[in-house]
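Residue -3 is where the sequence shown starts when you use this note's numbering, and the numbers rise one by one after that.
Derived by calculation from the structure, the hints in this document are not laboratory data.
Ideal Cβ placement from N, Cα and C applies to all residues, glycine included.
Accuracy of the hints is not assured; some may be wrong.
What the hints assert, rightly or not - Pair by pair, the computed Cβ-Cβ distance ranges are:
#1 D389 x S210: 50 to 58 Å
#2 R138 x A405: 50 to 58 Å
#3 Y236 x R216: 18 to 26 Å
#4 G139 x P393: 21 to 29 Å
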Amino acid sequence: GAPLAFGVFNGFLPCPLVYAFLAHTAAVCLSDPGRAVATGALTMAAFGLGTFPALLLVAGLSRALQPLWRRRGVQLAGAFIVLLGLVTILRGALPAGDHLVHAALAEDGATVGAGFQLRKGVGGPFALVDHHGRAVTEANFRGRFLLIYFGYTSCPDVCPTELSKMATALDSLGALAAEVQPLFITVDPARDSIEALADYVARFHPRLLGLTGSPEQIARAATAFGVHASRSSEAEDGGYFMNHSLLTFLMGRDGHHLETFLAGTAAEAMAARIRRHVEFDFVKDFLLRPAELSPAYQAFAAGDHAAAVAAYQREADRGNVAAQNNLGILYEVGAGVAADADAAAAWYRRAAEQGLPMGQYNLGILYGTGPPETRDRVQAYAWLTLAEAQGLDLAVPARRAIGGRMTAAQVAEAEGLARRWQRAAP
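All chains should be built: construct the whole structure from the sequences, respecting the hints.
Next comes the structure, spelled out in structure tokens:
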């Protein structure tokens, strides 16, 4: 609903002042829901003040017109309003483009209810100090996924809730959690000393790293991530609260932004999205990369999985065995296309029957460990044997593991299949 609503506003209001109000409203809605209603009312009040003088001018001009022209004017105005409404609704319903507010709120359909991908730059360089007293920059975390939350240790409710949710999501990832480094960056460096951070993060997760720095360093880090943070007025006892964005950022191994999770995201949904990103990152290592497939690989690496599928499909249809293998991988994991074990097996087989070792390996693994409807250990053993015969060391432990679950008769049958294929191969 948000992209549609803001898309309508974005198409309907050309006034830069109102654009600014809308952008501010969008930011507040995401970072501070408590102020969203008041800011939204202010936005609409500004719009009303801007249009009221124009309506008075039109009313004054209409008095000077003859009744016939007045009627025609009303008819034209009505037609214009209807046309404008259709255009703005269409503009709001279209995929996000370069419109300011619409682009800022564009959602990835696969992440609705869990997270969204911002179209503007998120993340950047930072220089801070961790809760062990070590100076760190973004470069220290290259090669790992980052799960980043900005908050403060005196936060009474939201920060503990979000950090507990982050910890639950990490624990549910199992072994994959080792690929993700959680970070808690304070927005209150005046009170959050290294010692305070160390005590605070230990309450939530043993791998959670707290980061602090000078007010200027914190401000630069917050700006890089588009995080809002402001200090409330002090109470009589000298205490205060920090108003801050309620967002958790997932960054890739290369430091690029992958997703932003809203405060309402459940731990299970967050874990599922993180798991998918980590698994897709592993998939990259199995994609074959001949020069002619470079555009397809770059699209996949950039997260445009649908474009990668289309590019691999074109080359696979032309008989490119590496593209056929890669397309099978994308069908197997459901990247850019609905997961389909049968389609994956068909593409793997086309590559395997042309003698591609990785195609033979992937087909063998799919037969050996895939869904029950495609599982066939005899076929798995046979294809892994062929891949091993061509020098693919990766196939050796897989063949042995599957062979350990087969009878002697099944192994003999599989070896016979492999020999027959070798004799028939060109």
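These are the hints, each one checked on the structure:
no. : hint                    : result
1   : D389 x S210: 50 to 58 Å : 51 Å, holds
2   : R138 x A405: 50 to 58 Å : 52 Å, holds
3   : Y236 x R216: 18 to 26 Å : 22 Å, holds
4   : G139 x P393: 21 to 29 Å : 25 Å, holds
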